[in-house]
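Enquirer: So that you can map any letter, position 72 of the sequence shown is 71 in numbering that gives the first Met the number 0, and since no number is skipped, the others follow by simple counting.
No wet-lab data here; the hints were simulated from the structure. Just to be clear, a hint being listed does not mean it is correct.
[Stated by the list, open to error] Under the rule of at most 27 angstroms between Cα atoms (straight-line distance), these lysine-lysine pairs were calculated in the DSS-like manner:
| hint | residue 1 | residue 2 |
| --- | --- | --- |
| 1 | Lys-371 | Lys-251 |
| 2 | Lys-371 | Lys-303 |
| 3 | Lys-103 | Lys-251 |
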Amino acid sequence: MLDIKFVRENPELVKENIKKKFQDEKILFVDEVISNDQKRRETQVKIDELRKNRNELSSQIGVLMRDGNKEEAEQIKTRVNEINEELVHLEEMEEQLAHQIREKMMVIPNIMDESVPIGKDDSENVEIEKYGEPVVPNYEIPYHADICEALCGLDKESAGRTSGNGFYYLMGDIARLHSAMISYARDFMIDKGFTYCVPPFMIRSDVVTGVMSFAEMDAMMYKIEGEDLYLIGTSEHSMIGKFKGQMIEENKLPVALTSYSPCFRKEVGAHGLEERGLYRVHQFEKQEMVVLCKPEESMEWYDKLWSYTVEFFRSLDVPVRTLECCSGDLADLKVKSCDVEAWSPRQQKYFEVGSCSTLGDAQARRLGIKMKTENGNQYLSTLNNTVVASPRGLIAVIENNYQSDGSIKIPKALQTYMGGKTKLELK
């Protein structure tokens, strides 16, 4: 959410930013916000004047009654009651205007960084750099679900009976490989100086609307019926929400956390063959990075975060690339974002395994998270990035380490977590 003062002083810049995101229907919101803000401030001035007048009149009543001027005192009492009635009306008006302003401000997109490429959707995202040589072996690599089933590691049929489409059972060594990746990701980030955290897996609606846009919320979140609770779609939601309404001392920044959680997402829409396996599911597990920092340090942290994901996957013998998200693919709260994509030797193309974002002070402003500095209190910046989300990360490791005999080579970094095993073999 933008600062209302910024919108008031830079209306054309805000409108141009909306155009670059191809959301022209929101341009009118800028003028509505500015108009209602003017009305609200004028109303507040009237309220302040009336309260001052009421206090002055009220202070006279006791003196007049003491001096026996009951008639004049009663006249002033009548005027005080009239002011009170007028105040009730104006306060209701001010509250309505404030609500209307916030409602529109919540859907006006954040100002993008100047480096963000302009494009309508993800088809116009821009490749930044490749890491590792994308190899296509001279033998066939089966569909990832078939590989897992051949190793007795996947049961979607049973999951369909218990939970429906989009769920799965991971079994045996495949389940162990999945857990090994999550454990390795945890230790990888701890070694980078991040504090490990396991957060709540449900959050209240005021936290949900503080960390994401309404459109994202409707498309992603599962609500607990009859309660003001949502299942998290990523631990970032809980981790940022942890600081809701808090004042953080400047010398305590940056706050760098890495969190584990299961994640739950609706994943609405029709999906093709690739997404009917383990690629797009309703439940998965994830290791996340979250950083709270001074605004001037946010871009430095942004570059650190996505580089950690690249380093993580390269340590698992997975070639990756980074992809700059264009304006039309950038969620409304984000200032800048890039995806990390892993190479699929079976499909001979890259697919998304992580996403890194800096959100400026948008989440902090919505949730009231500030830093205390010598020059006063101000909103800080928030960033988030995926270390690994499994099973997508699992698919990348399986495909890139699949051998011609149907076995899977276990990357050296994971062997300790697999009890020393170096290979998963057909039984």
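Enquirer: Indicate, hint by hint, whether the structure satisfies it.
Expert: Hint-by-hint comparison with the structure:
1. Of the supplied pair hints, the one linking Lys-371 and Lys-251 holds, its CA atoms being roughly 10 angstroms apart against a limit of 27 angstroms.
2. For a cut-off of 27 angstroms, the pair hint linking Lys-371 to Lys-303 stands: about 25 angstroms separates their Cα positions.
3. At roughly 34 angstroms between alpha-carbon atoms, Lys-103 and Lys-251 are farther apart than 27 angstroms, so this suggested pair is violated.
The structure fails hint 3 only (numbered hints given earlier).
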